[in-house]
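Work out the full structure, taking the sequences as your base and the hints as a guide.
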Amino acid sequence: MNAELIVFVVLAGIAVLGAVSLIVQRHPIRSALSLIVVMVALAGLYLLQGAELVAAIQIIVYAGAIMVLFVFVIMLLNAGEEERTNLSRVARYVGLPLAFFLMLQLAYWIGRGAPGHAAPAAPETTKGLSQMLFTTFVLPFELTSILILVAILGAVVLAKRES
Amino acid sequence: MSDFIAQHPVVVISLIKVIVLMILMMTALAYLSWFERKMVAHIQSRWGPYRVGPHGLLQPLADGLKFLFKEDPTPGGVDRLTYFLAPFLAMSLALSAIAVIPFGPGQPIEILKGHPTGLQIADVNIGLLFLFAITSLGVYGVALGGWSSNSKYPLLGGLRSSAQMISYELAMTMSVVGVVLLAGSFNLREIIEKQHGHWFGIPQWNLLAQPLPQVIGFFCYFVAAIAETNRVPFDLPEAETELVAGFHTEYASFKFAMFFLAEYANMITVSCLATLLFFGGWLSPFPATARFAWTLYLPAALLAVGAVWLFVDGLRYTTRLGRIVMPILALAAAGLAVVCALPGVMEIVQGPFWFLSKVFCFLFFYVWARGTLPRFRYDQLMAFGWKLLLPLSLANVVLTSAMLLVSRK
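Protein sequences, first through last, are from chains A and B.
Counting in this note's numbering, the first sequence runs from 1 upward without gaps.
Counting in this note's numbering, the second sequence runs from 1 upward without gaps.
Incorrect hints may appear among the rest.
Listed below are several chain B residues computed to face chain A (Cβ distance under 7 Å; list not exhaustive) [said to hold, decoys possible]: (1) Asn125; (2) Ile126; (3) Leu129; (4) Phe132; (5) Ser136; (6) Leu137; (7) Val139; (8) Trp147; (9) Leu159; (10) Ile166.
The set of hints was computed from the structure by calculation and includes no laboratory data.
In this text, all values refer to a predicted model and were calculated from it rather than measured experimentally.
Think of the CB as a built atom: it goes at the ideal place given N, C-alpha and C, for glycine as much as any other residue.
What follows is the structure, given as structure tokens:
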């Protein structure tokens, strides 16, 4: 086994464990912490692929900003432990088989696409990525920015409505 | 064993560097607390630590022992996992940030034969982003510590600090964009090397660089950095008069010490970053010409002066221990001075000497601010961050890019 594979298996294992823990935990803060673990592990996987910038941004934006807000809100509301409910009948007889089917599909397609069908080589440097963002993908980039701006305006309007 | 060393030189070299840097860092943290207490005491016309060792020099050791052996009660009803995780998170993140900071140029030292290596643990392409990633995760230690303590004051302190750190992180990140634009790189080594050279005798550090001096950027960065490290005048998360001790009220013994060390480590990291982003890192303020060749002897000269002072002060010290310890310290300093004047060593010492001198100035400023400034009110703090610092740093980005565009034409 080469070193890269070992690192991949460890990081992927941490990510999967974190994801399972995210669902199983009953306390919101612990779920949020599990999500942070998943994100940091994913950043490690990006780093393994040589995408340094994406890894750094994954940590700065997702783990460092968005999840801090999540944790902040949970702390502010002082949310307690959630009650565990039994699976409803729909979930048991429709949901579980569907979820299983989805997993099979994903496994099949990823397995088929793995060797020889690699994704187009990602630009490795910060410069290459920025150039792609502002030339090839400039329209999606600007549209996303406008979407976020609209969301910010909406948040301001909602917050100001009370007075 | 020797096989392993021959096959994996990088691993061994890194390991040695990590161990050495950790020891140096822990000592520096301990003596930073001594320095702060001494400084603040003198600002307030007191003596500060004086009993344990000459000039209180053994005080950090005594404090460390006290932290280790004190009773460590866990309050009832805490969220155990998070309660224990928080101080570990705070300290490990704070210490790992130091790994990417370069202390000197080139690859001057050879730990193993044939493998010259730099005065830095990891030279990564995204060094600056790595540092910001680490600082942005630093909030969790404080926030989780406050929340898991199951107590009102820590919860309020944790909430305050998360709000404060999110707000000022934005201004801090925006304020260094100007520097990144000037250097065209996230690599800390390249950022420093770009600041090389002089212009009419003025060093081309980013603070004074052409085409646009980064004075605004530096102001925004340093103010935001003080807020980010929760220090006076932005120490609202631990405002004693309102919140007892803020997020670490319920922590005792070594877990408290870990929060304490994390705060000091963050101070050092932030000062290092200020030095290498705006003040030319390891670069000397003097041009490298024959006229200024005497500046190479500055480290040795300063150490020699220090040795003489230690010796004179030691001879007339009041306690017998002081009369023995101080001259020994003086001898050590004199020996170091001689080593620093040796050709070969002299060139290697230059980089770390200038780097650490600049970092020390910032640390002094931190302590000075703590001794003299009153605390902000919470609404003032928020207004200051969002309404002044953020627009200023954004304006700096626009101005710098405009000037770059004009000057390149």
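Each hint, compared with the structure:
1. Hint status for asparagine 125 (chain B) relative to chain A: holds, with the closest Cβ pair at about 6 Å, below 7 Å.
2. Annotation: isoleucine 126 (chain B) was flagged as interfacial toward chain A, and the flag holds, the nearest CB pair being 5 Å apart, inside 7 Å.
3. Annotation: leucine 129 (chain B) was flagged as interfacial toward chain A, and the flag holds, the nearest CB pair being 4 Å apart, inside 7 Å.
4. Evaluation of the phenylalanine 132 (chain B) hint against chain A yields a held restraint, the C-beta minimum of about 6 Å falling below 7 Å.
5. With its C-beta approaching chain A no nearer than about 3 Å, serine 136 (chain B) sits inside the 7 Å limit, and its interface hint holds.
6. For leucine 137 (chain B), the interface hint holds, since its Cβ comes within 7 Å of a Cβ in chain A; the closest pair sits about 6 Å apart.
7. At its closest, the beta carbon of valine 139 (chain B) sits 5 Å from a beta carbon of chain A; the interface hint therefore holds under the 7 Å criterion.
8. Hint status for tryptophan 147 (chain B) relative to chain A: holds, with the closest Cβ pair at about 5 Å, below 7 Å.
9. Because the beta carbon of leucine 159 (chain B) sits about 6 Å from the nearest beta carbon in chain A, less than 7 Å, this interface hint is met.
10. Annotation: interface hint on isoleucine 166 (chain B) holds; nearest CB of chain A at approximately 6 Å, less than 7 Å.
Checked against the numbered hints given earlier, this structure breaks none of them.
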